[in-house]
Amino acid sequence: MKTYREVIASVLIVSGIILGAYWIFGPSKATATLLSGLTLASLYFLLGAGLSLIFGLMDVLNFAHGIIFMIGAYIGYTFHSNPRLILNTVPLFLNLGAGIAMGNFIKKLLDQQGMEGLHRRFLTFFMLLLGVAVLLWGIRGFPLRPLVAFEPTTPGGAIPTALAQEPLPRMTARLGWMSLSGIFLGLAMGFQRREDVSPWKLFRRYISYAFGFTVAAFSILYARDILERFLLGLSTDIRFLLAMLASALVGAALGALIETTFIRPFYGRPVTQIVLTLGLMFAGGELVKAIWGKEGRAPMPSLSLFAVSCRSTNLIAWLREHCSSIDVLGRAFPTYRLFIIFVGVLILTGVTLLLRYTRLGMIVRAGVQDSEMVEALGINVRRVFTLVFALGSALAALGGVVAAPFVGVFPDMGGLFQLQAFIAVVIGGMGSYPGTAVGALILGLARAFGDTLVTTGFTFPGIAYTWRASPAIARASIVLIMALVLLIRPSGIFGKKG
Amino acid sequence: MEPLLEVQDIHTFIGQFHILQGVSLTVPAGSITALLGRNGAGKTTTLKSILGLTPPRSGKVIFAGEEIQERRPFEIAAMGIGYVPEHRAIFTSLTVEENLRIAERRKGDLKRKADFIFSLFPDLKRLYKLPAGNLSGGQQQMLAIARALVPDNRLLLIDEPSEGLAPILVRELMEAIRQLSSEVTILLVDQNFQMTSSLASHYTLIDDGRTVRSGLMEELLKEPETIRRYLGAVV
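The listed protein sequences correspond, in order, to chains A and B.
The first sequence finishes on residue 1114 if you use my numbering, and the numbering steps up by one all the way, no holes.
The second sequence finishes on residue 230 if you use my numbering, and the numbering steps up by one all the way, no holes.
In isolation and in its complexed conformation, chain B is listed as follows:
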């Protein structure tokens, strides 16, 4: 299958720190790919490097057949990449509606997608006119994902969606992401290995800013030793 996104050996510096020292990954179209690794392994920086927020100093990022590593973030995003950052960076001083409307790339985006978004996250309909700062943590997370769904994105980069959510909300969130994956390709980062392993079909494992291995999730699940070593998780 033709990969939708391909990252080839990128190196990213933040200030003088060499954070990514050779990350490679592929995201096949139509799948959920999990980006795994310990805290501080460089998962968030990898997502930001794909989007150009922390542009890589070397290496290539190829999205839908085009090299994008030298483009500006807004150009990359406008090619069809939605970003759901960690700590759910929604705009708290804007209303829920404005948070969605600002993500429009063409007039009418929101109108076209509203039904789909409300079917995934019914709460948002009720809270539509409220300032987003009044929302609970779970609702803010839903909003952050919904915002990435407003324009026609082909790829979603989702960073730590389950962070700080109650278990029942995590289950709801998983269900939403599973439903989404039939519409859009997803690159998912999450500390909750239970969640990522049940959602993702592919994985890339990074450690200390380097890709350690990647492949099919079902094969990784057969290697509890690797999982314990790199993630500290027990299956």
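Only chain A is shown next, with the shape it has when bound in the complex:
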């Protein structure tokens, strides 16, 4: 069977790296190397899973994926240490969304009255312009800088300085502008067929969104001080978990937004899609720099489970002592990295179960093979596309938060990790979910192996010569592995032939 060959090949490669590590570095250093490798593999997987699913199902090479990862990290970090920024900006987005829902509703009504044809294109363009203008007018002078420029709070402490927060009436006015802008943008959203649905049904469909978003926006805004005190009063652990949830949600929302606005109109035109996601990658990177600044931040404080600076002798002792590092065969290993591995394994299992046992998973697996046929069965594949895009983006954003206490946050992290994730996906086979997991594992291990080789070197047995790999070689070795795999199997380990 073909699948067995792929599994055997993966097992051989992985065990080859592991055995090599033990032979070269000895047991204690090799184990630490492997754990580091698993940590990296976990992050590559969180990023690569979405890339692979999106490519497999929609044939879209999503270069904006790394940006979602980075935004996830920044949002999580900000939510954790300065919820004020989030509490002041989220209502703006919510009201924009409410406006768009309203605009869509009006547009559908107009369409039903026969507002099609000639003036429609002109109207669309004009509305888009108007919407953007109102949006810019609405956010002019928003005190973003003071809201962002803060000293990181000590875990559990209050926000130190009096950060400029706009008075409520001023913010309320902004919300109004956002709604108005949203209505124009919603009117501008073209490309939709007319629908023969009763106005009452349309009303319920769109207005419930508009109403819900507006209510949520105003409640968050008017309760912002209470919420802030509440959030800062929570233990850092709960805040960390909430930060994970928040950035996964933001990631999902961003993913859905990107799919519906930039990808959906261009199915069947892959070059346009690639160029668009590339554009988003650059624009998103600049946006992050514009909001949070060019400099990175020190690693984000993580859970109290990993907070005490000491070294536990084993896992059970660590559960009692909450040390920041643990003894691995005589070597200290940061316990937070075990958490990263844990999250990676959790998501791997979760998504595997989702793909294997749910109807959505079944549709995704079928769609990877032939999405047209899935549609021909009466399934709204576009909706599944949006869902999978949102899900993949949520995983990437989650990966970002989880990475933040490990590597910190910096404006290049998106591109760096995206490149690695791409290589992992290519090694595993584009579009294959198990392939991505294996690719991430191989890449993570190889990377850690190379890094250890840089720091300790390899003493040839018999002769007194230690060869120390240069960091450049360690980095290049990954591309070397990719080249080797692709030479033997041009479509990756689990890739389909051809």
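Honestly, the hints are just simulated from the structure, not real lab data.
Heads up, the beta-carbon is just placed ideally off N, CA and C, and yes, glycines get one too.
Be a bit skeptical, because a hint or two may be false.
Within a straight-line C-alpha distance of at most 20 angstroms, the following computed EDC-like cross-link-like pairs (lysine to aspartate or glutamate) qualify [to be verified]:
1. B/K102 <-> B/D147
2. B/K55 <-> B/E70
3. A/K724 <-> B/E65
4. B/K124 <-> B/E92
5. B/K102 <-> B/E70
6. A/K724 <-> B/E70
7. A/K817 <-> B/E70
Partner residues are not named here, just some residues of chain B that face chain A (Cβ under 8 angstroms, in silico) [unchecked claim]:
8. L48
9. P68
10. F69
11. A72
12. R96
13. A98
14. R100
Starting from the structure of chain A, add chain B where the hints point.
Chain B alone, transformed into the frame defined by chain A:
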């Protein structure tokens, strides 16, 4: 008889190619209608245009009294049209069961139809839990048809079911399609004229993307000259 499906003068482009240049056909309810024509005449594109996979640029498609030419494929399919594409596009990485289950439009569809499906294609029962990629060509074809039977479809579009099958399997397949026709209306495309002419009661003949003629199959069989000219087949 009220036609279940009516296609009126559709024009379909694929890229810049004007593939269908005026195809019209009617499918009376409760019948098997054969869509005949040479290779490349536009038979497959006609089926795809009905389903909205290659939406027609002009013309009308009327199914059960409703115009559907502007709807999305999933909406059209959900109105009760089952599609059995050529090259039996089953999902090879899914099991036989999943291939059937994915076609459910309401919960319990498969449960209700399982007995009927297994009575038509007993093999599928034995292979139920296997990956569909392990099935033989004939079994995959049975599965592709069975998949279209899971939801309550009123019309089946069947494209080249006998392609690449051994003669004995073709006979089995014909028998299955004949049994089906008592339950559901069928629009059938097949190169095997022997098969289509013995199954179908009506026909539409297209050539170079245009409808040439249509009518009752028994009348077409009286015109060997037409058959030879447009199909290259000898009766």
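Outcome of the hint check:
At roughly 12 angstroms between alpha-carbon atoms, B/K102 and B/D147 fall within 20 angstroms of each other, so this suggested pair holds. Restraint check for B/K55 and B/E70: satisfied, since their Cα atoms lie roughly 16 angstroms apart, inside the 20 angstroms limit. This hinted pair checks out: A/K724 and B/E65 have alpha carbons roughly 16 angstroms apart, not beyond 20 angstroms. Between the alpha carbons of B/K124 and B/E92 the distance comes to roughly 6 angstroms, so the proposed pair stays at or under 20 angstroms and holds.
For the proposed pair B/K102 and B/E70, the alpha carbon gap of about 18 angstroms is at most 20 angstroms, so the pair holds. Only pairs whose Cα atoms come within 20 angstroms are accepted, and A/K724 paired with B/E70 is accepted, the gap being roughly 18 angstroms. Distance hint between A/K817 and B/E70 is fulfilled; the C-alpha atoms sit about 18 angstroms from each other, no more than 20 angstroms. The interface hint given for B/L48 holds, since its Cβ lies 6 angstroms from the closest Cβ of chain A, which is under the 8 angstroms cut-off.
At about 5 angstroms, the closest approach between the beta carbon of B/P68 and any beta carbon in chain A falls short of 8 angstroms, and the interface hint on this residue holds. Below 8 angstroms, beta-carbon pairs count as interface contacts, and B/F69 has one with chain A at about 5 angstroms; its hint therefore holds. Using the Cβ-Cβ criterion of 8 angstroms, the hint placing B/A72 at the interface with chain A is satisfied: the shortest such distance is roughly 4 angstroms. Taken as an interface hint, B/R96 checks out: its beta carbon lies about 7 angstroms from the nearest beta carbon of chain A, inside 8 angstroms.
Hint status for B/A98 relative to chain A: holds, with the closest Cβ pair at about 5 angstroms, below 8 angstroms. Look at B/R100: its Cβ gets to within about 6 angstroms of chain A, closer than 8 angstroms, so that hint holds up.
Hint compliance for this structure: no hint is broken.
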